[in-house]
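Start from the sequences and build out the full structure, keeping to the hints where you can.
Below, each chain spelled out in residue letters.
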Amino acid sequence: MSGAEVGPLIRSSTRPGVRFGHVSFVWRPRVVVVTLALIAATFLLFCVSIAVGDFRLGLDRVIATILGRGDAVDEFVVMDLRMPRALAGLIVGIALGVSGALTQSLARNPLASPDVLGITGGASAVAVFLVTVSGGASAAIAGSVGLSTAALAGGLGTGLLVYALAWRRGIDGLRLILIGISANAVTQAVTTWLLATADIRDVARAQAWLVGSLDNRSWDEVRVAFWCTLVLMLVVMAIAFQFKPMHLGDEVAAGLGVRYVAVRAVLLLCAVLLAGAAVSAAGPVPFVALMAPQVAMRLVGTPTPPLAASGVVGALLLIGADLVARTALPVALPVGVVTAAIGGPFLVYLLVRANLRQRA
Amino acid sequence: MTDIILRQTAPAGPAPATADVRRRRLVGLCVLIAALALAVVASLAVGARALSPSEVWHGLFAAPDPDQRRNEVRLIVQTVRLPRTVLAIVAGIALGVGGALIQGYTRNPIADTGLVGVNAGASFAVATAIAVFGFAEPTQYVWFAVAGAGVAGAVVFGLASIGRGAGNPLTLALAGQGVTVFLAAMTTAVSLSDKAAMDALRFWNAGSVAGVGFDVIGPVAGLVALGLVAALATLPALNLLGLGDDVARGLGVNIVRTRVTGIVAVTVLAGAATAACGPIAFLGLMVAHVARYLTGPDYRLLVPYAGLLGALVLLLCDIVGRVVVRPGELDAGVLVALLGAPSFAVLVWRGRIKGL
Numbered sequence: 001m002s003g004a005e006v007g008p009l010i011r012s013s014t015r016p017g018v019r020f021g022h023v024s025f026v027w028r029p030r031v032v033v034v035t036l037a038l039i040a041a042t043f044l045l046f047c048v049s050i051a052v053g054d055f056r057l058g059l060d061r062v063i064a065t066i067l068g069r070g071d072a073v074d075e076f077v078v079m080d081l082r083m084p085r086a087l088a089g090l091i092v093g094i095a096l097g098v099s100g101a102l103t104q105s106l107a108r109n110p111l112a113s114p115d116v117l118g119i120t121g122g123a124s125a126v127a128v129f130l131v132t133v134s135g136g137a138s139a140a141i142a143g144s145v146g147l148s149t150a151a152l153a154g155g156l157g158t159g160l161l162v163y164a165l166a167w168r169r170g171i172d173g174l175r176l177i178l179i180g181i182s183a184n185a186v187t188q189a190v191t192t193w194l195l196a197t198a199d200i201r202d203v204a205r206a207q208a209w210l211v212g213s214l215d216n217r218s219w220d221e222v223r224v225a226f227w228c229t230l231v232l233m234l235v236v237m238a239i240a241f242q243f244k245p246m247h248l249g250d251e252v253a254a255g256l257g258v259r260y261v262a263v264r265a266v267l268l269l270c271a272v273l274l275a276g277a278a279v280s281a282a283g284p285v286p287f288v289a290l291m292a293p294q295v296a297m298r299l300v301g302t303p304t305p306p307l308a309a310s311g312v313v314g315a316l317l318l319i320g321a322d323l324v325a326r327t328a329l330p331v332a333l334p335v336g337v338v339t340a341a342i343g344g345p346f347l348v349y350l351l352v353r354a355n356l357r358q359r360a
Numbered sequence: 001m002t003d004i005i006l007r008q009t010a011p012a013g014p015a016p017a018t019a020d021v022r023r024r025r026l027v028g029l030c031v032l033i034a035a036l037a038l039a040v041v042a043s044l045a046v047g048a049r050a051l052s053p054s055e056v057w058h059g060l061f062a063a064p065d066p067d068q069r070r071n072e073v074r075l076i077v078q079t080v081r082l083p084r085t086v087l088a089i090v091a092g093i094a095l096g097v098g099g100a101l102i103q104g105y106t107r108n109p110i111a112d113t114g115l116v117g118v119n120a121g122a123s124f125a126v127a128t129a130i131a132v133f134g135f136a137e138p139t140q141y142v143w144f145a146v147a148g149a150g151v152a153g154a155v156v157f158g159l160a161s162i163g164r165g166a167g168n169p170l171t172l173a174l175a176g177q178g179v180t181v182f183l184a185a186m187t188t189a190v191s192l193s194d195k196a197a198m199d200a201l202r203f204w205n206a207g208s209v210a211g212v213g214f215d216v217i218g219p220v221a222g223l224v225a226l227g228l229v230a231a232l233a234t235l236p237a238l239n240l241l242g243l244g245d246d247v248a249r250g251l252g253v254n255i256v257r258t259r260v261t262g263i264v265a266v267t268v269l270a271g272a273a274t275a276a277c278g279p280i281a282f283l284g285l286m287v288a289h290v291a292r293y294l295t296g297p298d299y300r301l302l303v304p305y306a307g308l309l310g311a312l313v314l315l316l317c318d319i320v321g322r323v324v325v326r327p328g329e330l331d332a333g334v335l336v337a338l339l340g341a342p343s344f345a346v347l348v349w350r351g352r353i354k355g356l
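Protein sequence lines, in the order shown, are assigned to chains A and B.
If you're matching positions, the first sequence starts at 1 in the working numbering and goes up one per residue.
If you're matching positions, the second sequence starts at 1 in the working numbering and goes up one per residue.
I should point out that these hints are in silico values taken from the structure, not numbers from a laboratory.
Note that CB positions come from ideal geometry on N, CA and C, so glycine has one too.
Accuracy of the hints is not assured; some may be wrong.
[To be verified] Taking lysine to aspartate or glutamate pairs in the DMTMM-like style, the calculated list, with each CA pair at most 25 angstroms apart, reads: (1) B:Lys195 with A:Asp202; (2) B:Lys195 with B:Glu137; (3) B:Lys195 with B:Glu329; (4) B:Lys195 with A:Asp199; (5) B:Lys195 with A:Asp215.
[Said to hold, decoys possible] Just some of the chain A residues that point at chain B, by a computed CB distance under 10 angstroms: (6) Ile177; (7) Ala183; (8) Gln188; (9) Ala204; (10) Pro286; (11) Gln294; (12) Leu307; (13) Ile342; (14) Pro345.
Here it is in structure tokens:
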């Protein structure tokens, strides 16, 4: 029976399958084409982001320098001055996008971003504590390990605590989110209280960190975020093929041979760590983790957030927003203000357009 | 998660109550009312200067007195403690009812009144009022907060009702999130460029029921009363909406009118409470779940219980906040999270909390 005879509903289930050893998946040309196009667009924007600045460079010279054929001045501007910031944007964007796709899929709720799991809340509370409480232990911590690392530890600590608290003979999506919301409320209350009792000059510094920024990134910060993200992405890729059946429900997944408790645990841990790496490099940049999977899902046309495309869309969003934040605005604002200012209306536009199209 | 999905396909309307559930409802109601009455007395008595119940009684009902000590008691009770007690009850009821309603209308167990954009709208309006007009007193910017909450709520609902997806709860939730994030960014941009706004916002954001007089509480209570009437009127229809739009329509529910009324009620309730106290996060979400545990899924009971619970929790948090960090005070909004979140987490963990 060919697909054309039985109509559109059945045809979608007779897509050709592809099998490599133990790994098999459905061949969806649109996923591949859209993802490749997104990667190309991201690379282009990445180069534009490096080219634009006080010292303007042509795109051809940027690409030549990246490939190792630039002159000494170009080499300095590209590799030392602009590359860390652009790379930070790329890595943080990918990490947030994939982390968001994982949490949204696992919790089966599009509002579930890593923020909900307490990671950004915990990181923010630690950072604000270090900024606003002067002297003693906080100065010692800030001096020895640095603000971002301490914030990372705070974020991961909270994330793991939420996970441990939500564990009760396995992890249930709703229980995890509700406990995450509770932990988030506590960390936000602590942050609010610290801000309300602090000196106003410290509050300004804390605010700038709280909104998420790519200013003054160094190769050191980029390196940490890069290795964390790379390792985690490899882990996610290695088990992602077990992930699809879980959308059908735990019982079905178990019937298909997926050890869903273990798979879910590992993927959630990856989501937490990815978000933590992103927060340590750029602060809690809002909205990318929520937005990227939803955009990717609509572009690619899958019913659940696609992992790879979500990461690419995240990078595209963050680099684009940073470009706008640096160049298009009368005053330079942190990138987090721009991701939210662009992302909010864009999400609304997507929704409205989707609604207008759905004519019965 | 699976039991939630099963629950959604099974009739979610008023199921025949078992004896167990009926007893839990009754005991819960009695305990709630008794606890609320005790909390009111405690709220009038506890503070920087502790008063005995007879002093409270005197302070409430006595006329101005030449005796200075007695007059002082009267002043404390009538101008400081009575307003904050009334506001805690009004705002608590508003946030509790709003939380239960928004979860019902969005069919989303993690929906919160902040979801429809009212908190972000109010914060942005307050930031603008301070940065642009130089207002410094809560009595001046409270009306900006009301307007901001209302406009943001109207925009979110308007956006969510364009086109065919109008009734889709997910659309509302995502539109709310989009508008919230956008307004929060604008608020940050304003407060990063204006020191005075940043300074005022950090106190307003903590969420407090203190420092507002009856001149503000009166109109806010009026708005809340309007919101409550609208909310209670939609409850039977909300139960039927739980059976799915088609079934509800078949049973004679005017779906569009019910949804519009419900969301307007949520916006008015949350907006009025937020304007008077600042954004108090988590309260509505938490008490809606606890109320659902006490009453079961029937919204005609769940929503009033959530209102009583909201008032009780906010009042208790305000009382505790007055005594824990003496001589200072901890804002009620901060304590709602610090005390409420762990106890809520325990309920979640013990499996008492279920999805919709």
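Tested hints:
1. For the proposed pair B:Lys195 and A:Asp202, the alpha carbon gap of about 12 angstroms is at most 25 angstroms, so the pair holds.
2. For the suggested pair B:Lys195 and B:Glu137, the alpha carbons sit about 16 angstroms apart, so the restraint of at most 25 angstroms is met.
3. Restraint check: the Cα-Cα separation between B:Lys195 and B:Glu329 comes to about 24 angstroms, which is no more than 25 angstroms; the hinted pair holds.
4. The hinted pair formed by B:Lys195 and A:Asp199 meets the criterion: a straight-line CA distance of about 12 angstroms does not exceed 25 angstroms.
5. For the hint linking B:Lys195 to A:Asp215, the alpha-carbon distance of about 21 angstroms falls within 25 angstroms, and the restraint holds.
6. Hint on A:Ile177 holds. Least Cβ distance to chain B is approximately 6 angstroms, under the 10 angstroms limit.
7. Because the smallest distance between the Cβ of A:Ala183 and any Cβ of chain B comes to about 7 angstroms, under 10 angstroms, the interface hint for this residue holds.
8. Interface restraint check for A:Gln188: the shortest CB-CB distance to chain B comes to about 7 angstroms, inside 10 angstroms, so the restraint holds.
9. Below 10 angstroms, beta-carbon pairs count as interface contacts, and A:Ala204 has one with chain B at about 7 angstroms; its hint therefore holds.
10. Hint status for A:Pro286 relative to chain B: holds, with the closest Cβ pair at about 6 angstroms, below 10 angstroms.
11. A cut of 10 angstroms between beta carbons decides the hint on A:Gln294: the least distance to chain B is about 7 angstroms, and the hint holds.
12. The interface hint given for A:Leu307 is broken, as the beta carbon of that residue sits about 20 angstroms from the closest beta carbon of chain B, more than 10 angstroms.
13. Evaluation of the A:Ile342 hint against chain B yields a held restraint, the C-beta minimum of about 9 angstroms falling below 10 angstroms.
14. For A:Pro345, the shortest C-beta to C-beta distance to chain B is roughly 6 angstroms, which falls under 10 angstroms, so the interface hint holds.
Violated hint for the displayed structure: number 12, the only one.
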